[in-house]
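Two chains, two frames, a set of hints: combine them into the complex.
Listed below are the residues making up each chain.
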Amino acid sequence: MNALTQTWVSVGSIEDIPRRGSRCVDYGEMTIAIFRTIDDRVFALEDKCPHKNGPLSQGIVHDGCVTCPLHNWVISLETGEAQGADEGETRAFPIRLDDDQIMLGLGKS
Amino acid sequence: MSDKQKLVVIGNGMAPGRMLEYLFERAPDAFEVTIFNAEPRVNYNRLMLSPVLSGEKAYEDIITHDDDWYKTHGVTLHKSARISSIDRAAKTVTSDSGITVSYDQLVIATGSNPFIIPLPGHDLDGVLTYRDLDDVERMISVAKTGGRAVVIGGGLLGLEAAAGLRRQGMDVTVLHLMPTLMERQLDPAAGYLLEKAFQDLHIQVLTEASTKQILGYDGKVVGVELADGTRIDAAMVVMAVGIRPSAELAKLAQLETGRGVIVSDAMRTSDPDIFALGECAEHRGQCYGLVAPLYEMGKVIVEQLTGNNAAAYTGSVTATKLKVTGIDLYSAGDFAEADDREEIVLRDAAAGVYKRLVLKENRIIGAVLYGETADGPWFFDLLKKQTDISDMREMLIFGQAYQGGAPLDPSAAVAALPDDAEICGCNGICKGAITGTIVSKNLTDLDGVRAHTKASASCGTCTGLVEQLLSLTLGDSYDPAAVTPMCGCTDLGHNDVRRLIVAKGLKSIPAVMQELEWTTSCGCAKCRPALNYYLVCDWPDEYADDYQSRFINERVHANIQKDGTYSVVPRMWGGMTSSTELRAIADVVDKFDIPAVKCTGGQRIDMLGIKKEDLPAVWADLGKAGFVSGQAYAKGLRTVKTCVGTDWCRFGTQDSTGLGIRIEKFMWGSWTPAKLKMAVSGCPRNCSEATCKDIGIICVDSGFEIHFAGAAGLDIKGTEVLGMVKTEDEALEYVVALAQMYREQGHYLERIYKWAKRVGFDEVRRQIMDEPAKRKAYFERFVFSQKFAQIDPWSERVSGKDKHEFNPMAILQLEAAE
Ligand code: SRM
Ligand SMILES: Cc1cc2nc3c(=O)[nH]c(=O)nc-3n(C[C@H](O)[C@H](O)[C@H](O)COP(=O)(O)OP(=O)(O)OC[C@H]3O[C@@H](n4cnc5c(N)ncnc54)[C@H](O)[C@@H]3O)c2cc1C
Ligand code: SF4
Ligand code: FES
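Heads up: the sequence lines are chains A and B, in that order. For the first sequence, the numbering used here begins at 11 and goes up steadily by one. For the second sequence, the numbering used here begins at 153 and goes up steadily by one.
Looking at chain B on its own, in the form it has when it is part of the complex (with noise of 0.2 Å):
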């Protein structure tokens, strides 16, 4: 250890991420790394913070780097923790937590800070900022309460919150100090036509709209004013004016800072052991903003750090999407109008498309694109090449397929590209990079592409393109649908698709199936009970239950057996009953000539070989006696296995057969994505097994402990520890909990420990432990949705429901055919 040299990093966003990304391929084992973060996590990718907050997307989904990685790297990440100061003399830094670390080497990646214009009222609460996931999850907080949200700023930060809020189902106004949207990446006429789309979507946009105060009441936000005295109401205010490079730890360090931390071509400040990265880097007079600058200068850090001091960064020409669905927009360079200047148009007006080209002595210098967007990439290319277009002048607008003779077709088009074009803009890289890794790495998927080249894996606006490359180079062996799709029906997979019923409101299978363009008319047996379940657990109050799409196990409540009959359990609240229950279970298999009875493995009763037409009988029966559905066959809650606890033995802590049958009474009849089996054990002898359930409690003298993630079926896998918690109203909340967010994010069949293992244990305990807001939404999304969930399945069968299922249409005599 002590050979290695030690660089520290402040700040872990995205350029860092990426520079020790080709630290370690460059020089794995050069360097120490110790990296301080300001936000409690990893690093993730800023740029998709959009689709999580539109909830298209998951913060799970956009993890840059997890745990995993940094143990694997032998990084030290300290999260939380925000550098306060560095001591340039004792070459140390120190974070306002109290830890200090010592470097050799160390960056300053302090990105920027959001810029709040200091209005009256800027600092009540609900006025938000948005750079990073904290503020996306206050903004989501807010917004599930309703109401309008105004955002200030109409470029492209503040378009993206707008668009993102309004997918959830708040109301939207955007104030925009300019007179037309995005002016500063936008000419007028590209920015009025984005302006009619944000008001296709349902988005005030109000221009030339300066604001004068933010309206309070009680601390909190209610409303703007504008200059001309219009008042706007508001629950949310979100600024987004612009940002400013985070440069104040260097000034304090006296480095030499402008706008930004100032930084030479070799990317070091005025401190040559001290380099400058991202965002709050000003190099040449010049702040950056979005990625790809950002990586460049990675790249060069890394050439000197590792003894390359030729290495030089230059500057960089930038190009813009704006990443809202259905809405493409493209562009770059320089496109105000000037004397020496000449421009290209084509205006569509019924296709809605726009395109302009300015051009400075025959070659491009800007290029805006608004409806069709395909030919950005390539346009870039001749801007940052400077090509001479002489030559192809006149159907240069029309795009790359048109250039040569015949227009080729998309794939022909990515086909003629030359090796050198560049195809993912944020990272720079170029299409023999991606096809030459492609045959060398032998990938076949787009997942691979990303993680050897790193194309598409930042924006993913060039995804299509990769996958043109990948079916270029692969032929037929290329399978984009290689994602696991949910079935047959969809290229989609669960994740997908659960994400998209929530984001686009949808509320019955036909509507998944329209919107997410299902191929088949009606779906197969595997996709519908999942979709009937993704349905249920989202809209438990207004989807209406299709049983048509339940196993039949789930349609007629009882479970088929080999034979065509059925078994029936009904529920022995964890695992107790009583001579009258035992009583009728013996009335009813005399009854009905039941041919068989077992003790199950979930401390219950089963009957076995019951004919269909006599299940609601039986049920019947079984009700008199006070019994309900044991839901033996749902995927859904199933048992809570109790031992006797402090009732009876000598040497149980707590109540566990009460706690246990206080969770089986509260949580019956939910659905879950696959089945939910739970245990209370009275002390850590464990008699009711609950170190492999999928939920367990192990009560202790001093409270209790919460398991999960068991199984003790096809895989056995003994629990994690969720954490300890002291009453038993802690207990059941805890466990709700941490039941409702399996509910919302499991794939459809999906157990539990393998759910947990996909979003990781130390996101479950983070979200149900430590996050007290969290956890009580989810018990309360939980108890709404037991409102509509907690009905006797079987007393409503004997009720008359689904007469249908039980008896035959029609009996025929043998005669009637003769």
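So that you can see chain A by itself, here it is in the shape it has in the complex (with noise of 0.2 Å):
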């Protein structure tokens, strides 16, 4: 991805977020789900399993991952793959705080 072509959105504050908790960004026709970890760390995935779209935003959050409400696939928050024996990933998004805002990186990928 080009850096200069990297925009930073800011989607609100980190205190929206509970803790192990995640909330949406509607963004046209797709959804983004922003996760907030124990530690505060945030993360940006879109908010669809790769397994059978599941939405990951309602998923339970723990350690540096979601567990998919359908059909609890363990997806990680960072890189967005399948852990353990399943396969596929979903689609990160950079993302950082300034302060408490969260900057949400949507580049022309």
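Please keep in mind that the hints were generated in silico from the structure rather than gathered at the bench. Hints may be right or wrong, so weigh each one.
[Said to hold, decoys possible] No more than 20 Å apart at the CA atoms, straight line, and that leaves these computed lysine to aspartate or glutamate pairs for DMTMM-like:
#1 Lys-156/B <-> Asp-181/B
#2 Lys-763/B <-> Asp-36/A
#3 Lys-209/B <-> Glu-667/B
#4 Lys-909/B <-> Asp-922/B
#5 Lys-296/B <-> Glu-923/B
#6 Lys-678/B <-> Asp-26/A
#7 Lys-953/B <-> Asp-26/A
#8 Lys-223/B <-> Glu-212/B
#9 Lys-955/B <-> Glu-25/A
#10 Lys-763/B <-> Asp-96/A
#11 Lys-714/B <-> Glu-39/A
#12 Lys-817/B <-> Asp-914/B
#13 Lys-62/A <-> Asp-715/B
#14 Lys-62/A <-> Asp-96/A
#15 Lys-223/B <-> Asp-914/B
#16 Lys-955/B <-> Glu-39/A
#17 Lys-827/B <-> Glu-896/B
#18 Lys-714/B <-> Glu-56/A
#19 Lys-678/B <-> Asp-73/A
#20 Lys-953/B <-> Asp-96/A
#21 Lys-158/B <-> Asp-256/B
#22 Lys-763/B <-> Asp-73/A
#23 Lys-955/B <-> Asp-36/A
[Unchecked claim] Restraint-style ranges between C-beta atoms, simulated for each label pair:
#24 Ala-696/B <-> Thr-89/A: 32 to 40 Å
#25 Ala-210/B <-> Arg-29/A: 31 to 39 Å
#26 Leu-107/A <-> Asp-954/B: 22 to 30 Å
The model shown is predicted, which means the values in this text are computed figures rather than measured ones. The beta-carbon is built from N, C-alpha and C at its ideal position, and this holds for glycine as well.
Quick look at the structure:
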């Protein structure tokens, strides 16, 4: 990805998301799930499980992963990859914190 | 049958239990066995009463032989039957309940009785002893009301009782007549360290304290008065000042008795057809109070019974360990000072370690270890074998690892033990027997070793050694976690976790993870919902529900569907509805364009395909019509199905619809380990299918037949009958008590039928049907928890709770990214 074409958009404050929880950002047709871990790291994944499109934002967040609410696949928040024996990958978005503001990186990919 | 010899056993304690195991191994078909037990139960591991008292274990965990065992071995067990006379001429025994049985061979194994000092006030309500499960249950029930317990006696039993009662939340004072604790097993220095350790547990210890009288009011204990005039208030007094062999029955039968029932080396009493076994026996002037010698005696009796007349018991040396979590104490042999003795002492104040060996003529005759006891069995082995220690004298006190050059790591030390080194002191099992059995029986886990060798099956303190033997013998294929841990974050199983939450008073998920040493930083999707449920159930008033640890359905109070939309099922009490309710549902369906409406299998209506954002508005409209959540998503009370009963049906015997509604209104909102579905049918035609529910009621003319443990999902299983009651009020009380018992014991996601199978259908019946006090207590605890549970989650969310759940945090225009 080219840094110059990366656009950073503020989507809200980290306090808007409960620890070990997630909120959604609507982005046109796509929904992006923003996760907040117990140690206040944030991650962004497309809200679509690589298995059968389950809404990952509705899952249980633990360590650096989320467990999909539909059939319990475990997805890495950092890479979007399915863990363990399952195979598949969800799109991950760049994200960073400016103080408490969550900045989502939406590049032309 | 008739050709078999009749063996009758009086007393069903630890000694005869083990003896019968040997017997059935040696000669499974030789005897027709009958056992009488004064206690109303099967054989259990008395040594583990202290963990039951402290809450670290449950009675179910310490059962040695369950009802099936007796059935399998064709043993007739008479529970609650105390033998009151032996007729030696007729060769019969008779119980106080009127059963008479004849014997060819008789074993008296009546154990001991706790000694009660006949102080003024010793017969007040609240003066207890510590010997059997009933004592423990009494202590736990007084402990629930709080206050102070005074334990008279600072020996092994008294201290274990004190520690257990402290863990149950009582203030505890130990009164001990001698200057230091456990003076029979410990030297004064170790006694002092022990006293300090008890003070650290916030247990008050008064030594040289002589009790003058027990004070009472209204027939109940209120305190004790010491000889120096000090008064201590007390809600309970536990007398643990010693035991007396229970020999009266033998004396009555004119057998030779002294302190106990006198036996020869063949373990026979003065009547050759009668043996005495266990704590009641007196052998060579000695009575024992620990299990290891008793098991030896049992072996000798089996040899004698099966024709080996040469078998002889020649006495035992014993070693003691105190079973109080957090205190390591080991003592064996004789440690009094005398001129011909030498001693080796090691003190490490910083580490809280004290070790003392007493030597006579270069042989160990006594050992006291405090703070670090791993070498106890090794010293005990040297002691029993009378090994000459001259060559290792210098490093002896540092333990086995330091013998012969460089220190060994613990597993190398175990590997270096000779095959005949004793590993399990209670059962006298040596290393070779354990490793041999692991190989010959292909054992892979601790339970297997316990089942086949008995090692680690009694007091459990050698468990670590046995595990090391498993891993030495099996190498990497040994997996100590094979006890089915809750999930990958811990080695503990559900039972242990539930018990420790209560025993240690853990009241939040981080506290559980910290104290029980979770291996992950914040758990996983398996353990977190389980822990959240356990905490909600155990501390209804104190625990703050952790919504982030709930599965999505319970977090947003609707069922997630395959396309990410939700379904909504309002309660229709007992399956009854009305035109107003139906109209409100129709309006909601139109207003929110809900794509599907369906009658569920649970006698109510499901609206499917609702967008998450719409949920609060849907609930607001449903709420206006009087609907509350149907909890169709919950590990909690789902539906109570009913039939039309006496209201309409020509066969109806009782108001099944009314009772179903009453139960549903009483129990809605409660969380349970897995979903809980109920039904009430108006007659045995059973139109509400009560006989495949978690809990069901079949109404009959004479009352209500309560059923439980049915299943009709992944497994299909008809219910078991719990029992009959006469009135609706009783039906409600029994059903609620049963549900609470399940709430407190079930593993997360374990339906009632699986739980009941695990703990035993009879045990459930016994507690709910036969123990009114227990039933009432379960009922009360359920009622208490409902105070915090019966809040409609939908109206809470309509009023704004968890608002963040239902809206996106941001809506971005596509241009923003361009
Ligand atoms: C809606 C309903 C089917 C229907 O259209 O009738 C239904 C729907 C679901 N059932 Fe069911 N069950 C429904 C009655 C039953 C019944 C019949 C009954 O309750 O009388 C059974 C058999 C009885 C029993 O529970 O033993 C039943 C046995 C199951 C099972 C198997 C449970 C088991 O331990 O054997 C599951 C799976 C599970 O719980 O893990 C299940 C799971 C489900 C889930 C929750 C699947 C899921 O996890 O998403 C379905 C949710 C659909 C939704 O969003 O509403 N459903 N389910 C019924 C709702 C009843 C209600 O009013 O609350
Ligand atoms: C709390 C506690 C902790 C202990 N910890 C340890 C320990 O760590 N290590 C150790 O080695 N030992 C320990 N002991 C001692 C050990 O439990 C006993 O040595 C052992 O249980 C004695 O076995 P027994 O079969 O002789 O008698 P018991 O196990 O006492 O059994 C006797 C049974 O006979 C029944 N009975 C009595 N009279 C009659 C009658 N007339 N008719 C029918 N039934 C009758 C009694 O109700 C009882 O059930 C502990 C004891 C207690 C109470
Ligand atoms: S039987 Fe139950 S779980 Fe299976 S598809 Fe039907 S509703 Fe879903
Ligand atoms: S859709 Fe996520 S696990 Fe199936």
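Hint check:
Between Lys-156/B and Asp-181/B, the direct Cα distance comes to roughly 8 Å. Compliance with the 20 Å bound is thereby established for this hinted pair. Between Lys-763/B and Asp-36/A the CA atoms are separated by roughly 14 Å; this keeps the pair inside 20 Å, and the hint holds. Distance hint between Lys-209/B and Glu-667/B is fulfilled; the C-alpha atoms sit about 17 Å from each other, no more than 20 Å. The suggested pairing of Lys-909/B with Asp-922/B holds, with an alpha-carbon distance near 19 Å, which does not exceed 20 Å.
The hinted pair formed by Lys-296/B and Glu-923/B meets the criterion: a straight-line CA distance of about 17 Å does not exceed 20 Å. Between Lys-678/B and Asp-26/A the alpha-carbon distance is near 26 Å, which puts this suggested pair outside the 20 Å criterion. A distance of roughly 14 Å separates the Cα atoms of Lys-953/B and Asp-26/A; the hinted pair therefore holds under the 20 Å criterion. Proposed proximity of Lys-223/B and Glu-212/B is supported: the alpha carbons are some 18 Å apart, at most 20 Å.
Between the alpha carbons of Lys-955/B and Glu-25/A the distance comes to roughly 13 Å, so the proposed pair stays at or under 20 Å and holds. Pair hint Lys-763/B plus Asp-96/A does not hold up; C-alpha atoms about 29 Å apart against a cutoff of 20 Å. Restraint check: the Cα-Cα separation between Lys-714/B and Glu-39/A comes to about 18 Å, which is no more than 20 Å; the hinted pair holds. Taking the CA atoms of Lys-817/B and Asp-914/B, the gap is about 29 Å. The hint is violated against a cut of 20 Å.
In summary, the hint linking Lys-62/A to Asp-715/B is supported, as the alpha carbons are separated by about 9 Å, within the 20 Å threshold. With a CA separation close to 12 Å, the supplied pair Lys-62/A and Asp-96/A stays within the 20 Å bound. A hinted pair counts as satisfied when its Cα atoms are at most 20 Å apart, and Lys-223/B with Asp-914/B qualifies at roughly 14 Å. A threshold of 20 Å between alpha carbons decides the hint, and for Lys-955/B with Glu-39/A the separation of about 23 Å lies outside it, so the pair is violated.
Under the criterion of a C-alpha separation no larger than 20 Å, the hint pairing Lys-827/B with Glu-896/B is consistent with the structure, at around 14 Å. Taking the CA atoms of Lys-714/B and Glu-56/A, the gap is near 17 Å; set against the 20 Å cutoff, the hint holds. As the CA atoms of Lys-678/B and Asp-73/A are separated by approximately 13 Å, the hinted pair is consistent with the 20 Å bound. At roughly 36 Å between alpha-carbon atoms, Lys-953/B and Asp-96/A are farther apart than 20 Å, so this suggested pair is violated.
This hinted pair checks out: Lys-158/B and Asp-256/B have alpha carbons roughly 5 Å apart, not beyond 20 Å. Distance restraint check for Lys-763/B and Asp-73/A: the Cα-Cα separation of roughly 29 Å exceeds the 20 Å cut-off, and the hinted pair is therefore not satisfied. For a cut-off of 20 Å, the pair hint linking Lys-955/B to Asp-36/A stands: about 17 Å separates their Cα positions. The beta-carbon spacing between Ala-696/B and Thr-89/A, approximately 33 Å, falls within the hinted interval of 32 to 40 Å.
Between Ala-210/B and Arg-29/A the C-beta distance comes to about 35 Å, which sits within the given range of 31 to 39 Å. In this structure the hint that Leu-107/A and Asp-954/B lie 22 to 30 Å apart at CB holds, the actual value being about 24 Å.
This entry does not satisfy hints 6, 10, 12, 16, 20 and 22, going by the numbered hints stated previously.
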